[in-house]
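Here the protein sequences line up with chains A and B, keeping their order.
Counting with the working numbering, you get residues 575 to 1156 for the letters of the first sequence.
Counting with the working numbering, you get residues 575 to 1156 for the letters of the second sequence.
Do not rely on the hints blindly, as some may be mistaken.
What the hints assert, rightly or not - Subject to a maximum C-alpha distance of 20 Å in a straight line, what follows is the list of computed SDA-like cross-link-like pairs (lysine to any residue):
no., chain 1, residue 1, chain 2, residue 2
1, A, Lys1148, B, Thr775
2, A, Lys663, B, Tyr696
3, A, Lys778, A, Ala750
4, B, Lys663, A, Asn661
5, B, Lys670, A, Pro908
6, B, Lys943, A, Lys663
7, A, Lys591, B, Gln1147
8, B, Lys943, A, Pro908
9, A, Lys663, B, Gly737
10, A, Lys976, B, Gln1147
11, A, Lys943, B, Lys1149
12, A, Lys738, B, Glu936
13, B, Lys738, A, Asn661
14, A, Lys778, A, Glu814
15, A, Lys943, B, Thr930
16, B, Lys1149, A, Ala1051
What the hints contain is simulated information worked out from the structure, not anything from laboratory work.
2 protein chains.
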Amino acid sequence: MKIAIAQLNPTIGDLPKNAQNILNAAHWAVTKGARLLLTPELSLCGYPPRDLLLNPGFVQSMDITLRQLARDLPPKLAVLVGTVEENLKAHLTGSKPLFNSIALLEQGSVQRVFHKRLLPTYDVFDENRYFEPGLQANYFTLDNLNIGVTICEDLWNDEEFWGKRSYTTNPIADLAILGVDLTLNLSASPYTVSKQRFRETMLKHSAVRFRQPIIYANQIGGNDDLIFDGCSFALNSQGEIVCRLRAFKTDLQIVEFDEVQQNLPMGSVVPTFDSEDEEIWHALVLGLGDYIRKSSFSKVVLGLSGGVDSSLVAAIATAALGKENVFGVLMPSPHSSDHSISDALALAQNLGIKTTTLPIGELMQGYDKTLAELFAGTEFGLTEENIQSRIRGNLLMAISNKFGYLLLSTGNKSEMAVGYCTLYGDMNGGLAAISDVPKTRVYSLCRWLNNHPSLSGLLKPQAIPTEIIPQNVITKAPSAELKPGQVDQDSLPPYDILDDILQRLINNYQSAAQIVAAAHDPKVVERVIQMVARAEFKRRQAPPGLKITDRAFGTGWRMPIASNWIAVNNTYQKKNSSTLAR
Amino acid sequence: MKIAIAQLNPTIGDLPKNAQNILNAAHWAVTKGARLLLTPELSLCGYPPRDLLLNPGFVQSMDITLRQLARDLPPKLAVLVGTVEENLKAHLTGSKPLFNSIALLEQGSVQRVFHKRLLPTYDVFDENRYFEPGLQANYFTLDNLNIGVTICEDLWNDEEFWGKRSYTTNPIADLAILGVDLTLNLSASPYTVSKQRFRETMLKHSAVRFRQPIIYANQIGGNDDLIFDGCSFALNSQGEIVCRLRAFKTDLQIVEFDEVQQNLPMGSVVPTFDSEDEEIWHALVLGLGDYIRKSSFSKVVLGLSGGVDSSLVAAIATAALGKENVFGVLMPSPHSSDHSISDALALAQNLGIKTTTLPIGELMQGYDKTLAELFAGTEFGLTEENIQSRIRGNLLMAISNKFGYLLLSTGNKSEMAVGYCTLYGDMNGGLAAISDVPKTRVYSLCRWLNNHPSLSGLLKPQAIPTEIIPQNVITKAPSAELKPGQVDQDSLPPYDILDDILQRLINNYQSAAQIVAAAHDPKVVERVIQMVARAEFKRRQAPPGLKITDRAFGTGWRMPIASNWIAVNNTYQKKNSSTLAR
């Protein structure tokens, strides 16, 4: 039996377009002789639909669209479509109103509906907010083949692999007991660095343990902060990869199930990337491009400071949208160095993007004059530094508004973490392209880009490889250039130290004591922890940022602001006062 | 038996301070002869602690603090403290790592721990993200009295009252079967308009149905977007209110259980408010004041436009923080009317707050000049309007940075809904004080304030009542004054129509067809729905806003941005093209 995988890129909520893409994939599958077509989790509405699911009209439209799609599909092709089903007994049983579902469409109608059993409710996932878990093992029989159906998280609870359980049940174990011939997994699994290797290792364990082939079909595309990498793949019952689809691209592929061998023979296997930098580069290019396109924009604007962050973002945007759709703005102040201009112009030339230069000195004087009386007797400080950043933010938004270009903000994760950025200034933008990329990774991405320009999509295939990020951008000391002679390390620990502390604190949930035990200076650790806590109010107002790590600031980071928890020196000792604070 | 209710105002994560406040309440309770002290849900860390719970060090500190508090408490007083308990079997059973718990402290140690059974995961609530539900009915025996313990949501699933179930179990029914003498409910139930009446009606139903007294202890205080109103109360087994604590204030009260009557006799009942406007006013005063104080600020700054929104916010801030802690900034442009200045100054005089005036005309010219070449041949439009708003936003942030005043933004819910506001301009601020208050409610609050100045907390008790919001602010046509002769109704439907459509769309989840059926113009409805969808990117970057309705923009509003769901004219019809969009 030939089984087609449609690795699709849905737009959230765009039911007509998503349905049409499923229909097109089905026609392709028929030409290839397929009997069954797989599409990703929630392929009809795109993942994650979030609070659109609370809109009864939305759920109703999905149902109408699904039934119309069933009528339009080639009748002899069985198609698995990701959709939601209403839980009609919700009010009687006290359960959630929807099921995250896979519908089996065939012969013009909905034949079966399967419910997702394990509902992720952590990090960026909120599935318990909307969905009731399915209670039954899901399978169906097609041409005498017994096919198990699982949805994304359903395969992420193998207690042997993890050494622990995250849910009570393990759906693939239930299917194995029922004796299915193969197991499908229809996913919308967001990208994080090296996750594909983890997925393959994990599902290999399940394939071997339960002695069955697994076909994993993943969504691709950027949806707000989340990037879905695709990389759909199939494992035979020995746990060998027999098929892998492209990363970060829409793709279609056929997997053949051999009824005699009861297994999947070797097929087309797209290789994985050689380095994390290459993988992250392509993730960011997809995430940025899709955010722009799915927001109905085509062009972007960004400030070019001659620094490494804005240079990288400009390069990503150029790869995603084409050089004619990226506009760079240089906004020198009296504190700007000469190289801030020359480096930015060199970068723009390398990328082939247009720029304009808008000096901000006169506007700085304008603010100084307007505020002179009120600020009389005060000294130049953070306020005046922020004014510069906000003048630039205002100019960039004016260009965005005037020409309909989406503004990209260029802050990295290290500065977002410690608040080394100006709210309503350099934080301005519709998308924070690298806000989950630590500064040390920004550097390594720039070096990778210069070493592998031909892999970046920035050059025509026949072009002679050349430097893309000017060398001086990478080698000079990073600086915000908001006062004379300023460099980042006046205010922050060296970035290799800062990023290691942040990784431990944010991604590894380590305590101050644990971080200090890893040979970090206790004073530096304490200071970083306090900076992270105090910058929460800025992060709350940040644009969506593309998630590439297992813990990003954004929809999966839900911290209180007006709070007082500092993980150091916070010990209760009773006081004798008996006055109740009112 | 005398039972003390401590209606406390915790700061999120401030374990030492929260523990000390519980200790102080315990000493008070002992002086009143109490045997048992109730504190709200999660009283040790404050509700909601959100992702602080993911920090193992935080959970460990709570445990240490709880045990130390147990040792410090008067030994013969039983005290119920809200805390979390680790779920030690989580990895074995595949359950969540924590329980939302109540600890019974007595004789220097933790005697019992009870687990919350119904975990809200909707709107602003994310309890399934952190907690495993308790499976057992919770009760304990104290001096021969059998006392049932429930935590907040545990009492919100009476299927007779609701006509449906939201959870499988009803904890109070389980307790009734076990024959408890009374049921406690320890809550952190956020305020929304008229919710107290609803709570009392609901729990009255349960008291009567299960023939038992109920004592409900609620948290008070503002925590980021959420305002907790307190209003703790007790019902006898006939469902009569026998005790009610103050709204929006820390409070302590004794309820006596009569062992002979097996009931609660009549005690101290604080009356409820006379009007929704009065209630909302006090909610906003508390929410604003606590946000400032718990963020370690004491003073605020805001722009005064002479309009009704900034006037109301200035009045709320003055009531919350005192007139010496509110600083108003007038920033007239060449498009500003004379009355924008005179009305703002009259308001400031009525409130007794200081102001400064910073004309922005020159800065507008500065931006025009800087952008002249780039914008040559384009016309004055939204871009130039936004520049004005962003100049003001920049000046206000400069004052905020320079003097350490927290900036308040003054946008109302109607404009936040349709995007009639400038990102990085008038949306700037640490707190959006009235972003959940529809424009029509802004007017009614201003009228209420003028009619009841003595109830507002703005006047000294002996002062002669006087107008607070200048009459002209209320009667003139609302205008952003960003171009000559502009009024809001050039761009928006009349506010009474707009607010009714928004209430139906946002709070009542109605479809376009349902809203049209309520006698609204279909074209207007379609336009409003599209404006709401398109403004999502602005709302994502808005400051936290005080929630007063059952559906606010903020932590409980989780919409995709780069999406395409418009609830009108979005019908799938297959196209004959068979090209797959890649």
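**Message:** Run the distance test for lysine 1148 (chain A) versus threonine 775 (chain B): straight-line Cα separation, threshold 20 Å.
**Reply:** Distance of about 40 Å is beyond 20 Å: violated.
**Prompt:** When you check the alpha-carbon spacing of lysine 943 (chain A) and lysine 1149 (chain B), does it fall within 20 Å?
**Reply:** violated (61 Å)
**Asked** Quick one, are lysine 976 (chain A) and glutamine 1147 (chain B) close enough, alpha carbons at most 20 Å?
**Response** This hinted pair is violated, its Cα atoms lying about 35 Å apart.
**Request:** Would you mind confirming whether the straight-line C-alpha gap from lysine 778 (chain A) to alanine 750 (chain A) stays at or under 20 Å?
**Result:** holds (15 Å)
**Request:** Assess, step by step, whether the Cα of lysine 943 (chain B) is no farther than 20 Å from the Cα of proline 908 (chain A), and give holds or violated.
**Result:** holds (18 Å)
**Asked** Between lysine 738 (chain B) and asparagine 661 (chain A), is the straight-line Cα distance small enough, at 20 Å or below?
**Response** Holds. Lysine 738 (chain B) to asparagine 661 (chain A) sits at ~14 Å (cutoff 20 Å).
**Message:** Checking one constraint from the list: CA of lysine 943 (chain A) to CA of threonine 930 (chain B), max 20 Å. Satisfied?
**Reply:** holds (14 Å)
**Asked** For the pair supplied as a hint, lysine 778 (chain A) and glutamate 814 (chain A), is the alpha-carbon distance within the 20 Å limit?
**Response** holds (7 Å)
**Asked** When you check the alpha-carbon spacing of lysine 738 (chain A) and glutamate 936 (chain B), does it fall within 20 Å?
**Response** Distance ~65 Å between lysine 738 (chain A) and glutamate 936 (chain B) Cα, so the pair is violated.
**Message:** Hint check: lysine 663 (chain B) vs asparagine 661 (chain A), CA-CA at most 20 Å. Holds or violated?
**Reply:** violated (31 Å)
**Message:** Tell me if the straight-line CA distance from lysine 591 (chain A) to glutamine 1147 (chain B) falls inside 20 Å.
**Reply:** Given that 20 Å is the threshold and the Cα spacing comes to 9 Å, the pair holds.
**Prompt:** lysine 663 (chain A) and tyrosine 696 (chain B): Cα distance at most 20 Å?
**Reply:** Answer holds: lysine 663 (chain A) to tyrosine 696 (chain B) is near 19 Å, not above 20 Å.
The structure shown violates the earlier hints numbered 1, 4, 5, 6, 10, 11, 12 and 16.
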